[in-house]
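Chains as they are written, first to last, in this note's numbering: chain A, 1 to 339; chain B, 1 to 339; chain C, 1 to 328; chain D, 1 to 328.
Misleading hints may appear alongside valid ones.
[What the hints assert, rightly or not] Listed next, the in silico BS3-like pairs over lysine-lysine satisfying Cα-Cα at most 27 Å (straight line): (1) Lys115(B) to Lys99(D); (2) Lys337(B) to Lys266(A); (3) Lys299(B) to Lys232(B); (4) Lys299(B) to Lys266(A).
[Claimed, not checked] Which stretches of chain C does chain D cover? Using the computed rule of at least three CB atoms under 8 Å from a CB of chain D, they are: (5) 88-99; (6) 155-161; (7) 206-215.
None of these hints come from the bench; they were simulated from the model. Note that the Cβ used here is the ideal one computed from N, Cα and C, for glycine as well.
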Amino acid sequence: MNKPNERKLTIARAMAEAMQQEMQIDPSVFVMGEDIGALGGVYGNTRGLLDEFGPERIRDTPISETAFIGAAVGAAQDGMRPVVELMFVDFFGVCFDAIYNLMAKNTYFSGGNFKVPMVLMTSTGGGYSDAGQHSQCVYGTFAHLPGMKVVAPSNAYDAKGLMTAAIRDDSPVVYMYHKSLQGMGWLGTEAGATVHVPEETYTVEIGKAKVVRPGKDVTIVSLGMGVHNALKAAAKLEQQGVEAEVIDLVSLVPLDRDTIRASVAKTGRLIVVDEDYMSYGVSGEIIATVTEHDISVLKAAPKRIAFPDVPIPFARVLEQHCLPNPDKIVAAWDEMKAA
Amino acid sequence: MNKPNERKLTIARAMAEAMQQEMQIDPSVFVMGEDIGALGGVYGNTRGLLDEFGPERIRDTPISETAFIGAAVGAAQDGMRPVVELMFVDFFGVCFDAIYNLMAKNTYFSGGNFKVPMVLMTSTGGGYSDAGQHSQCVYGTFAHLPGMKVVAPSNAYDAKGLMTAAIRDDSPVVYMYHKSLQGMGWLGTEAGATVHVPEETYTVEIGKAKVVRPGKDVTIVSLGMGVHNALKAAAKLEQQGVEAEVIDLVSLVPLDRDTIRASVAKTGRLIVVDEDYMSYGVSGEIIATVTEHDISVLKAAPKRIAFPDVPIPFARVLEQHCLPNPDKIVAAWDEMKAA
Amino acid sequence: MTPTREDQHWMYHNMVTSRRFEEAIAKIYFDGKSPVFNMANGPIPGEMHLSDGQEPVAVGVCAHLNPEDIVTATHRPHHQAIAKGVDLDKMAAEIFGKKTGLSGGRGGHMHIFDADVNFACSGIIAQGMGPAVGAALSRKMQGKPGVAVAFLGEGAVNQGAWHEAMNLAAVWNLPFVCVIEDNSWGISVPKEASTAIANNADRAAAYGIKGMRIEGNDPYAIYEAAGEAIARARAGEGPTLLEVETYRLAGHFMGDAEGYRPEGEKDDLFAKDPIPKMRARMLAEGAATEAELDAIEAESAARVEAAITFARNSEDPAPEDALTAVFA
Amino acid sequence: MTPTREDQHWMYHNMVTSRRFEEAIAKIYFDGKSPVFNMANGPIPGEMHLSDGQEPVAVGVCAHLNPEDIVTATHRPHHQAIAKGVDLDKMAAEIFGKKTGLSGGRGGHMHIFDADVNFACSGIIAQGMGPAVGAALSRKMQGKPGVAVAFLGEGAVNQGAWHEAMNLAAVWNLPFVCVIEDNSWGISVPKEASTAIANNADRAAAYGIKGMRIEGNDPYAIYEAAGEAIARARAGEGPTLLEVETYRLAGHFMGDAEGYRPEGEKDDLFAKDPIPKMRARMLAEGAATEAELDAIEAESAARVEAAITFARNSEDPAPEDALTAVFA
Ligand SMILES: Cc1ncc(C[n+]2csc(CCOP(=O)(O)OP(=O)(O)O)c2C)c(N)n1
Ligand SMILES: Cc1ncc(C[n+]2csc(CCOP(=O)(O)OP(=O)(O)O)c2C)c(N)n1
Ligand SMILES: [Mg+2]
Ligand SMILES: [Mg+2]
C-alpha cells in the first residue's frame, strides 16, 4: 500500500493536517482544549496550528472540561464548528453531562432545529503503564449512549479522512485516537499506523467498516489498536494455513452491522478483539449483532478478547497480562478450532 | 406468594426500612443526598428517617453531586458506611468521575488497603413522560465499568434484602431502583412490585439471579421493570401453550452467567428485555454470555427488546413506541417460533 | 436606567401572559390526574415546574434583549421563554407533546428550544452555563453582536458547572450575564442549608467581575441592574453576575405537597405577588391607565387561550417520529 | 507561630529526603528509555511528575499533621507523601511496580495510598477534594480528632469539583484545609490564561471562609499560615483556603521539553531553590549547625538509597494479581 516515494504521516500529523485544511477553508472551525496551543497537544495532534491560526482560533482552556465542552455546544449551535479536545478519555467523568446529555441530545430535544456540528477528540488506550485513570478506552461507554457518532481510526489515512468528515458533519462526532498509534516517539508507536496520507483533503465515511485483510476461515473484528493485533495474529495464522479476515470497525456509531454479518456468513467464525472492558461493551455487541441475525452461519461459538473487568493496573507485568495481544487471538482460534 | 395477612410494602418503604434497621444497629451508617431529609426523598425511599435519626445522619446536601459522592468515598474510607442518593440516574454525567474513577477504583488502586463500603442509590426508568434527561436506565453504563457492584430490584422483598446486603458489603454498590416500581402514587406503580416484606432484617445475595417463573420453551431474561413485562408476556404465552421461563437478573455486577446459561441450555431460546438503550449494553452482553459459551443449545437466534438508540422522547405516543412491553415480547416469540 | 412607559407596558404584558399561561397549564395539568394523581396521565404528562411569582426576573432582564441575543434557561423556563419571545403556540403544543410543538413533542416542558429567538433550556442543573458562555464566545469570535444570558436558580450556584463557566467567561472577557433567580428553595432545601454565603453576588469576586444582588422581586430594580449588565456586555466589558431575590408561589413541581415550607410562608408570598404590585405602581405613577392595563390583560388572556387551543387541536406525532431527528 | 528548632530540622529533613528521592527516581526513570525516549520502558514506566521546588508546601503544612489526619494529594504527590510519613520503601516499590509496593504495583506513582497515615492521591484534577471533605465529615460525625487537608495545583481551582467541595466544607463547617500549590503552570498553560483572578485565596470569599496567600515559597511563612488554618480546623472553626506561591523546577512530567516557558524562567527558579535557602537561613539564625544539617542530608540520602534498593530488589507481582483486589 505504501509506495517508496509516498508521504507517510503519523496519526498525530494526519489529524493536525485535517484540522489545518478545514480551518483554512472554513472560518467557523476552531480548536479548544487543554495544552493544545503552545504545546501542540499532549499527543501532538494540534502541533503547528497555533503558529498558523493564532490564539483566537487555537484556544488553550482552563482545566474546566464541563465549561469548555459545554461552550463548544453553545458555539456549535451558534454557527461555529468547534473541535474540542478531552486530553484523556479517562477524564470523561468530570464532564460527561456536557457530552452525553447536552452535546448528544440537543439536536433531538430541539426536533432538529438546533444543530451541534462539533468534534470531541480524545485519546484512548494503555500499554505504557499510565495506570487506571490514564489508560482506558471506554469505547462502549460512548457508543452506548444515543446522539453522538463515534469513530476510532487505526491508521493515519483514516485518521485524516475521518477528522475531515467529522468536522464537516452536522452532528456531534466523538473522535477516539489511540495513544499507541499516535506517532509520539515517547509512547512508542505501532508502525502500521503510520501510512501514506494524501496532501489533498478527502473524507473517510463515518459508519462504514473496512475489511482490511480478506480471508475465509475466521472473521476477526476490532478497532483502533486492536486492528494491528488482529493483523499480526492473522499473519501468524497464515503460517498455519488459516486465512483470517480482519475487519476494522472504524466507526462504532453508526455501526456497520452489514459488513460484519456478511463476513461471518462467509467464514462461520467470529473473534472480537477489544481493548475496552469485557462486559457490557463493544465485544458483546458485536457478538449479539451476528447471533441475533442468524445463528445458522456459525460453525463455532464466537469468542472475545477484551480487557478483563478490572481497573487498569500500573505495573507492566500486570497490565500486559490484561491487554489483548496477537498470541491471545491465535489461542482463541486454537480453542475454536478444537471445539 | 402473598398470604392475606402478610404485610405488603412498596419498594420505597422496603428501602427505607432496610436503611432504618441498619442505622439502628450500626452507627456508622448514614444517608446523604438531595431532598432526602424533610422531603423524605423524591421517591419516598428515605421517608421517616429524618424524624428518627435527625439531620446529622440524614443529610440534605447542596446540588453538588461530585462533592457529596466524593465525600461519601472519603467517609467510607474513614470507617463510615454512607448511603448516598443520586436523585435521577440521568444526572450521573455531572459526577461520574466521583463514581467510576474514585468510588469504584480506590480499593484496587490501594491494593485492597482502602475499603469503600458505600451504597449509591439512584432512580431509573421512564414511562411517565419525563423526557430525555429524567427517564433513562443507563444500566449498561454502570455495569460496563469495573469496581462497582450493580443491583436493580424488581420487587419490595428484593429491594429490602438487597439494600441490607449493599449496606453491609465492604465494596461500593450501585443500587438502581425503577420509578415505576417504587410505589409512589403520583407515578403509577406496577402492582407486582409491592409484595410481602418480612419485618426482620435479611439479605438478598448480590450476584445471584432468580428464576421467577419456570418454563421450558423460552428463556426471557430481564431486570427491574422489565421483569414485570416479561411476566405479563409469559402469562400471555401460557394461553398459547408456551411455557416461558423468566429470569430476574437482580444483579448486573456480578452477573450470574450460570443461571442464564443453564436456563437457555434447557429452553434453547432466549429473549432479553431491557429498558436501557439497545446497543453496547445489557442486551448484547446477555446474548454474548449465552452464545460465546455454547451455540449448540440454541434452537433459534436470540432476540432482544430494548430501548432504541434514541434519546427518550417526551410525548407519550413517542415514548411508548420505544419502551419494551409485553406485546413486543410476545411478538418476538412469534417471530422466533416462525424462524 | 428606569424603564420607559413602553418598556413598562411590555414588561407588564409579558408578566401577565406568563401568569395566564401557567394558570392555563396548571388547570389542564390536573385533567386525567384525578382522583389519583398520576403524573403519567392527562393531556400534559410528566413533571411540571411553574414559575408563578418569578416573572419580574424574566421581564426585567429580557426587556434588554433582542431575538439575536441568546438565553439558556432551566427546568422552570416558561416565564423566560415568553419574555424572550418564544412562539407561544408552538411552545404550548410542545408542552402538550404535539406534532406542531417546537420539537415535535420530543422535548416537552423541560426542553423548550426556539432557534428563531436563540432560546434553549435543559433539565440538568447549571447545564445551560456552558452553552451560554459558548454562544458568547461565538459572537465574539465572529464579531457579531449579541449577549448571552444564562438563567439559573440559587441552588444551581453550588454546582461545579456554574463555577467553571463563570471562570471561563471572565478569563475570556465574554459578553455574558449570569442571572440567578433566588427563590430561596432548591426543591425542599432552603438556601441557607445549601449555600455557604447569603449573597451569591459576592461570588463574583472569585472571577474578578461585577456582582449585584437585587432585592424585593422588583421588576424596576431588575430592569435597571440588568440593563447595566447587558450594556456592559455589549460594550465588550465582560460578564456580570446578578442575583435576584424572587418568590416561588407554587410548589417545586405540580403535585408537591410543600410540607417543608415554614407555616405562613405561602401567605406572605401571595401578599407580595409582583403582578398586582406592578399594576398598582404603574397606575400610581401614571405609567398606564386602568383601561390600558385591562386591555393588556385581556390581550394576554386571549393570546394564551389561542395558544392552548392551537395545542389542543394539534395532532399527536406519529409514533415513529421518536426515531428521527437524532442526528442532523 | 514560628517553627521550633525541632520543627525546622524536621522540615529540612523532609525537604531533603523528598529532593533526594526524586533525584533518584529521575535518574532511574531514564534507564531503558534511551536512545529513544519511550515512556513504556525501563524500570519505572509511565508518567512521572516531579515536585522539585515545591517541597516547602508539603513540609510547612504537614509539620502540623499527625498520622490520624487525612491528606489527599494529586498527580504530583511525592513531597507530600514523604512529609505525611508514607512508608518510603513501599512507596518506592509501588513506583517500580513491585509486589511489595503499597498497592502491589496496581496503582503506581499517581496512586499512592497508605492507610496507616491516611494518605491518598489520584490522577484526576481536583478529585481529592471530595474524599478529603468526606473524611473531615466522618471525623466530625464520629467525634474523633483529625483534620483533612487537600493539596491541589493552582490549575485545579478552576475545576467544578473544587468549587462544590469548598462550598460543602464551608456549609457544614468541617475540619478541612485546602492548600493550593501555585507553581504558576498547569502543564503548558500559565495561571493568568486559565484563572480569572490573580489570587485564588480571594475565592475564599465565595464560601465565607478565611483565605490566605503565602508568597515566596517560604517554608517558614507556610508553616505559620498552615498552623493557623489547622488549629482553626481542630478547634471546630471550619475550613480555610491557602494558596502558596511555589516553583516547579522540573517539567510538567519527565520528558517535557518545556518549550512554553519564557526564556530565563528556569534559571531564575533555580536561583531561588528553597532547599539551599532554608539551609542558609537555619545557619544564619542559629537553628542548626553545619554538622547537624550535613547529618540530616546524609541520613536522607541513606534513607532514599535504602528505599530504592528495597524497590529494586523486590519481586514483580504475579501477572494474575491484576485480577484481584477489585472488590474488598
Ligand atoms: C445535576 C442535577 N441535580 C439535581 C437535579 C434535580 N433538581 C431539579 S430542580 C432542583 C432544584 C433546583 O433549585 P434551584 O436551582 O434553586 O432552582 P428552582 O427549582 O428553585 O427554580 C433539583 C435539585 C437536577 N435536575 N440536575
Ligand atoms: C480532570 C482532568 N483534566 C485534565 C487532566 C490533565 N492534567 C494533569 S496535570 C494537569 C495540570 C495541572 O495543573 P495544576 O493543577 O496547576 O498542578 P501542577 O501540575 O502544576 O502541579 C492537567 C491539565 C487531569 N489529570 N484531570
Ligand atoms: Mg431555587
Ligand atoms: Mg500548577
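Status of the hints after comparison with the structure:
1. Lys115(B) to Lys99(D): 19 Å, holds
2. Lys337(B) to Lys266(A): Holds, at about 25 Å.
3. Lys299(B) to Lys232(B): It holds: about 23 Å lies between the C-alpha atoms, which stays within 27 Å.
4. Lys299(B) to Lys266(A): OK: Lys299(B) and Lys266(A) at ~21 Å, within 27 Å.
5. 88-99: The restraint on the segment 88-99 of chain C is violated, since only 0 of its residues have a Cβ under 8 Å from chain D and three are required.
6. 155-161: As far as the segment 155-161 of chain C goes, the hint holds, because 4 residues have Cβ atoms under 8 Å from chain D.
7. 206-215: With 4 residues close enough to chain D, the hint holds.
The structure fails hint 5 only (numbered hints given earlier).
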